[in-house]
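Novice: Residue numbers (the numbering used here), protein chains in the order written: chain A, 58 to 268; chain B, 349 to 436; chain C, 1436 to 1561.
Derived from the structure by calculation, the hints contain no laboratory data. Backbone N, C-alpha and C define an ideal beta-carbon position, used for all residues, glycine too. Please note that a few of the clues may not be correct.
[To be verified] Derived, one-sided and incomplete: chain A residues facing chain C with beta-carbon distance under 8 Å:
id	residue
1	V150
2	V151
3	I156
4	A157
5	A160
6	P175
7	L193
8	Y210
[Stated by the list, open to error] Beta-carbon label-pair distances, calculated as ranges:
id	chain 1	residue 1	chain 2	residue 2	range
9	A	T87	B	M349	39 to 47 Å
10	A	G101	B	M368	31 to 39 Å
11	C	T1498	A	A88	28 to 36 Å
12	B	A407	C	L1442	49 to 57 Å
13	A	R81	B	A361	35 to 43 Å
14	A	R81	C	L1442	42 to 50 Å
15	C	L1442	A	T185	33 to 41 Å
16	A	L119	B	M349	42 to 50 Å
17	A	T185	B	I355	35 to 43 Å
18	B	F428	A	I117	28 to 36 Å
19	B	M368	A	V133	24 to 32 Å
20	A	E251	C	G1448	41 to 49 Å
21	B	F428	A	A120	17 to 25 Å
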Amino acid sequence: MSAESTVTQETIEQPNPPLTPRDRRRNKVTAVIGLIVIWVLLWGTLSWANILSGLVVALIVLAVFPLPPVKFSGRVRLLPSLRFVLRFCYDLVVASAEIAWLALRFGHTPRSAIIAVPLRVTSDLNLTLTAEALSLVPGSLILEVDRSTGTLYVHVINVRSREEVERFRRSVLELEARIVNAIGSPEERRRLAEPAPNTPSTAADVEGAAR
Amino acid sequence: MTVVAVIVTALLAVAGGLTMVRLMRGPSTLDRAVATDVLLAVMVAGIATEAAYSRDTTALPVLVVLAILGFIGSVSVARFAARKNNSR
Amino acid sequence: MSVDTVLDIVAAGCLIAGALLCLAAGVALVRFPDLLSRMHASAKPQVLGLLLVLVGCGLRLRTGVDITTLVLVGLFQLATAPVAAHMVGRAAYPDEQIRTDLLLTDELAAHIDRITQDRQRGAAPT
């Protein structure tokens, strides 16, 4: 545990600051509650015996497998979360239908692309959630995550032109904005409003794509 | 409901057969891992359909196990393949 | 028409749609040209197809204990599928199994060496 935490504190600087004891306690409580919920769902009935045995199991699990430190603003905004979930379901249905159609249409080989998307909010939590949401939707796939620059490398299927690539890149950034609006801290939401900085990695990308 | 069960079974059987084709043809280990994942999803769909058709819930815990098993399987195959690439 | 009949019909629709997605994934697995496109195909029955089938199953069973089990299956699948896909994708990328002639652009190629070096220096597990 101690070796792991020193490594993470060295490699990440601004976006993932070390946790205060208060954050640590809150994370632990959240994890315990989540594990108890899963335990109760597994048994299927809500009773005191289930909740107490779940508490024991959750404490043992957290003692044996401690969680990595995650910075969370601690507030979930209801309306943006709902918007994120609804939009996610919509994307899921549309993308699934598209890929199914692509598979059933004969005599056509789909073209794809690998795109670098530098995210604006580079905290671990945001990076993970955006990557998960992207991966769940068919048609986009996370190949690699660069934690030091907060860049996702996404494989997209069924793109035909540079314009579609750019449109997809914008849609990833919109997805990130929806997630940050739902659970991000006020400071992170401010960063969304600023124009995206032109990092040196994007310059290299254009160069790499031109060949 | 019987008609629905027959249709779903037929669709799933064809899907499983096609997945088996990919499973046999390969060409790489990772292709087979992906195909196994899909086969597992087809199996989950089949078991859930059976449970829905007969209103028999004894098989439902199997679904939980399968959902976790698929994850563990493909992650371990992926790690194995990655290590092989690195040592080369 | 009673509520039960309506629920049964919706459940049947969900089950058939889920099975159709599985079939489309099977076809895509055979037809798509390389590993990464096939992985897109596999995401379909694992996420939307499975959710539809679980919803159909839950609508038909309609008892609390079973629905909690189904919710749990869905949660596990949603949490684990992207991780597994990411692991497979990462293992596949620097290898030769990708049809680069079908790629419109590859913005990872210029960075992959630096990223793997970073990771090895950070002693993160590969």
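Novice: Please go over all the hints and tell whether each is borne out by the structure.
Specialist: To see whether the hints hold, each was checked on the structure:
Taking 8 Å as the C-beta contact cut-off toward chain C, the hint placing V150(A) at the interface holds, the least distance being around 7 Å. Contact between V151(A) and chain C, as hinted, is not supported at the beta carbon level, the nearest pair being about 10 Å apart and thus beyond 8 Å. The beta carbon of I156(A) comes within 6 Å of a beta carbon in chain C, closer than 8 Å, and the hint placing it at the interface holds. About 4 Å separates the beta-carbon of A157(A) from the nearest beta-carbon of chain C, less than 8 Å, and the hint is met.
At a threshold of 8 Å, the smallest CB-CB gap from A160(A) to chain C is about 3 Å, leaving the interface hint in force. Hint status for P175(A) relative to chain C: violated, with the closest Cβ pair at about 10 Å, above 8 Å. Proximity of L193(A) to chain C holds as hinted, the smallest CB-CB distance being about 5 Å (cut-off 8 Å). Using the Cβ-Cβ criterion of 8 Å, the hint placing Y210(A) at the interface with chain C is satisfied: the shortest such distance is roughly 4 Å.
The hint said 39 to 47 Å for the Cβ distance between T87(A) and M349(B), and at roughly 42 Å that hint holds. Remark: the range hint 31 to 39 Å for G101(A) to M368(B) is upheld by a beta-carbon distance near 35 Å. Our hint of 28 to 36 Å for T1498(C) and A88(A) holds, since their Cβ atoms are close to 30 Å apart. For A407(B) and L1442(C), the hinted distance range of 49 to 57 Å is not satisfied, since their beta carbons lie about 21 Å from each other.
Look at R81(A) against A361(B): about 52 Å separates their beta carbons, and that is not inside 35 to 43 Å. The hinted window of 42 to 50 Å between R81(A) and L1442(C) holds, with their beta carbons roughly 46 Å apart. The given range of 33 to 41 Å is respected by L1442(C) and T185(A), whose C-beta atoms sit roughly 37 Å from each other. Restraint check, L119(A) to M349(B): a C-beta distance of roughly 45 Å satisfies the suggested window 42 to 50 Å.
Taken as a hint, the range 35 to 43 Å holds for the pair T185(A) and I355(B), whose Cβ atoms sit roughly 39 Å apart. Between F428(B) and I117(A) the beta carbon distance is about 30 Å. The supplied range of 28 to 36 Å therefore holds. In this structure the hint that M368(B) and V133(A) lie 24 to 32 Å apart at CB is violated, the actual value being about 44 Å. The hinted range of 41 to 49 Å is satisfied by E251(A) and G1448(C), whose Cβ atoms lie roughly 46 Å apart.
At roughly 30 Å, the beta-carbon separation of F428(B) and A120(A) lies outside the given 17 to 25 Å, and the hint is violated.
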